[in-house]
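If you read the sequences in order, they're chains A and B.
In terms of this note's numbering, the first sequence has 74 at position 74, counting the first letter as 1, and numbering is strictly consecutive.
Numbering-wise, this note's numbering comes out as the position in the second sequence, counting from 1, plus 373.
Derived from the structure by calculation, the hints contain no laboratory data.
Among the hints, erroneous ones may be present.
Said to hold, decoys possible - Taking lysine-lysine and the DSS-like style, the derived pairs with C-alpha atoms no more than 27 Å apart in a straight line are:
no., chain 1, residue 1, chain 2, residue 2
1, A, K21, B, K517
2, B, K517, A, K90
3, B, K485, A, K258
4, B, K485, A, K90
5, B, K423, A, K90
6, A, K258, B, K517
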Amino acid sequence: MGWFGFQPEIVDYSFREMVFKAAQRAYEDAGGLDPRRDADAFISCQEDFWEGISISDEFAPDQLGGAMKSVYTVTGDGLQCVGQASMMIKSGLFDVVVVESHGKPSDIATLNDVMFTATDPISVRPLGLENVHAVAALEARSYMSKYGVSEDHLDAVVEKAHEAGLRNPRAVYASLDRKRSSTPVVADPLREADIARFVDAAVVVVLASERVIRDYTDAPVWVDGAWWSTEISTLELHDWSFPVHAREAADGAYAQAKIADPAKEVGFAEVDNRYSFKELQHIEALRLAPRGTAKDLLADGAFCPGGRLPVNLSGGALAEGVPLEVHGLARLSYAVGVMRGEIKAEVDRADVAVVHSWRGVPTTTSAVTVLRL
Amino acid sequence: MTGRNLNFKHRVAVVGAGLTLFRSRLLETPQELAWLAAKQALDEAGLTLKDIDCVVIGSAPDAFDGVHMKGEYLAEGAGGIHKPTIRVFVGGATGVFVPIAAWWHVASGLCKRVLAVAEEKMSHAARPHTQYVFRYIWDPIVEKPLNPNLIWIFAMEMHRYMHKCGVKKEDVALVSVKNKRNACGHPSAQLCMPNITVDDVLKSEVLVWPVQLLDISPTSDGAAAVVLASEEEARRITDTPVWIKGIGWTLDTTHWTNRDLAYPEYVRRAAEMAYRMAGIDNPRKQIDVAEPYDPFDYKELHHMEGLGLAKKCEAPVLTREGVTQRDGDLPINPSGGLLGVGNPIAAAGLMKVAEIFWQVRGEAGERQVKKPVYTGLAQAWGDLMQAGTVVVMGI
């Protein structure tokens, strides 16, 4: 595992140099793995419009050491790449697969416009959407009214994220001064503090088969389950009050990991909280709390550091920022750090973790990975 | 090294294929095109969407369809709703990569029936021409300021190949003539030209010398789909599954200016990976029919050599001798290829896989090659003359 960046604006390095740095650290972390000799395949998780380059996979191989080897791109979140790598290894054809994702949103001058072009060109785009967070705000209203979630509950989520983030050295946006209620409304009910800001980062993860893993480490963290799901992509037809995609992805990953009761069997979780209310939704979708109860359990401290099932010990995206498609790998790398004991965290059971990522509005895709020591 | 562990747990078969018309300016939306192909593939396999566990989507640049996160957008048309749906991407080589990714979905044991869909709608992309999308595929610092065009660099590659192998334009044009004539047997074909001659190619408009209008595939819209299944499922679905025997792909360095333009080393390595898996050590003898990627006529020759179906600089000779005709000893692009059927980028690659599927099953109709087909190969190419993807299929 290697990462680089997590800064609001990286000006000294190109995206390729950022990936090179992260890859170098990952290979060192994997016992000095030589990608030219040891890696069978490389996956890059990126999207053309984020890159500002058409056919951006052209630029994937060199900085990973993958030139003239098996390299391809998944246009999705980094956790989806982990799922692909897991399948590749399970197929028996590959032993070592490298997963990379990078995001440099500080290079994008028109982020809202780029996100807007992800909507249906016929049914949604003509409406105009000057603020894409409005879509999330509609989801927030729907969820909050259906399950009795108040703005006080959102205050609590934001406060927890910033408190946890203060212990995470790469959480650049963590600040105790960030009181939700004092930030301006962006799209009712979402205030500025409810919305994670963007951050520049690259993360590289090395996955290996059981057959060869001991060549690289004595303390592997196993991917016990990896699944993803897409709900209907037509904005007006998806479930506005509950992230069905996250539930389906979690159920698939738990089935692989043979986890029957996640709320009891999972030690801690890193979930998407690019909007504050999403943390509550995703806790419920991942079956870490019954529907509609995450707000109360959060108030009781169940999901806080040292609680029954700590969620987002890193502070999540609200504290670290959203590095575009790196988001899932950011969550994963933090969880692995906690499991290996490299990150000191208030958690009783660090042996089983669940990691979740959602691709943000207007998508309806989630990916979930279950990790075990 | 890749492929060192060849003890696969699950064999994987193709059990159905579907294809839309390939045309410029089709009126269907990208989602509708994807569904038309997907439905046809499902029908051919006798399955419905409920039977599908996972979906793999392939589509080339988002800028063609003009949709950011095109995989999310296409998920509905490709039948991927409430399923694990993934979009994979290796530029122009994507079409043949879709069944490669679908292969490990099944071979991992995690999915039993996978729908692999490729779609491209490029004819509406930019004004005055779709080529404008390719202005943004270059290194933004060292190349973009020169405003290169894809046809320019392929013209360099064609020139280099012709120079190094001593090939004349007339020899290269034979490929275009063969493929555009072959396309007349294909119900999806955009450029069936039954009476085309070498002279027509040589007299067509010069785009970037030595590339002329009839050396190059058209701008197209279209979609293709195949259904893959595990051995147990495949035997339940059909009596004639076509097995995926080998997969391979390679991505060369981004720095295309440093490449040997006369020989696609990355295709050779991709083929080597697929051949090792398929147990093929003499492709010229063991491959009965092949669909190498032919967006330009010289690329068919280039790729035949990279795939080991001809020795270096031998492909033009085989073409001239008629070896690559449908009734020849090594039929190449009996479908009509991209030059004849059309080139909706990712869909064109998957069309080649579908063609091999039908050829192996003996269901290619008037395109069926004369010799018996036990093993076939499909290959695609993409990025900055950089990516090679290969699938070997057979009974």
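A quick look at each hint next to the structure:
1. A distance of roughly 25 Å separates the Cα atoms of K21(A) and K517(B); the hinted pair therefore holds under the 27 Å criterion.
2. For the suggested pair K517(B) and K90(A), the alpha carbons sit about 41 Å apart, so the restraint of at most 27 Å is broken.
3. Using a Cα cut-off of 27 Å, the hinted pair K485(B) and K258(A) holds, with the two alpha carbons roughly 19 Å apart.
4. Between K485(B) and K90(A), the direct Cα distance comes to roughly 14 Å. Compliance with the 27 Å bound is thereby established for this hinted pair.
5. With a C-alpha separation of about 25 Å, the suggested pair K423(B) and K90(A) falls inside the 27 Å cut-off, and the hint holds.
6. With a C-alpha separation of about 51 Å, the suggested pair K258(A) and K517(B) falls outside the 27 Å cut-off, and the hint is violated.
Violated hints for the displayed structure, listed by number in ascending order: 2, 6.
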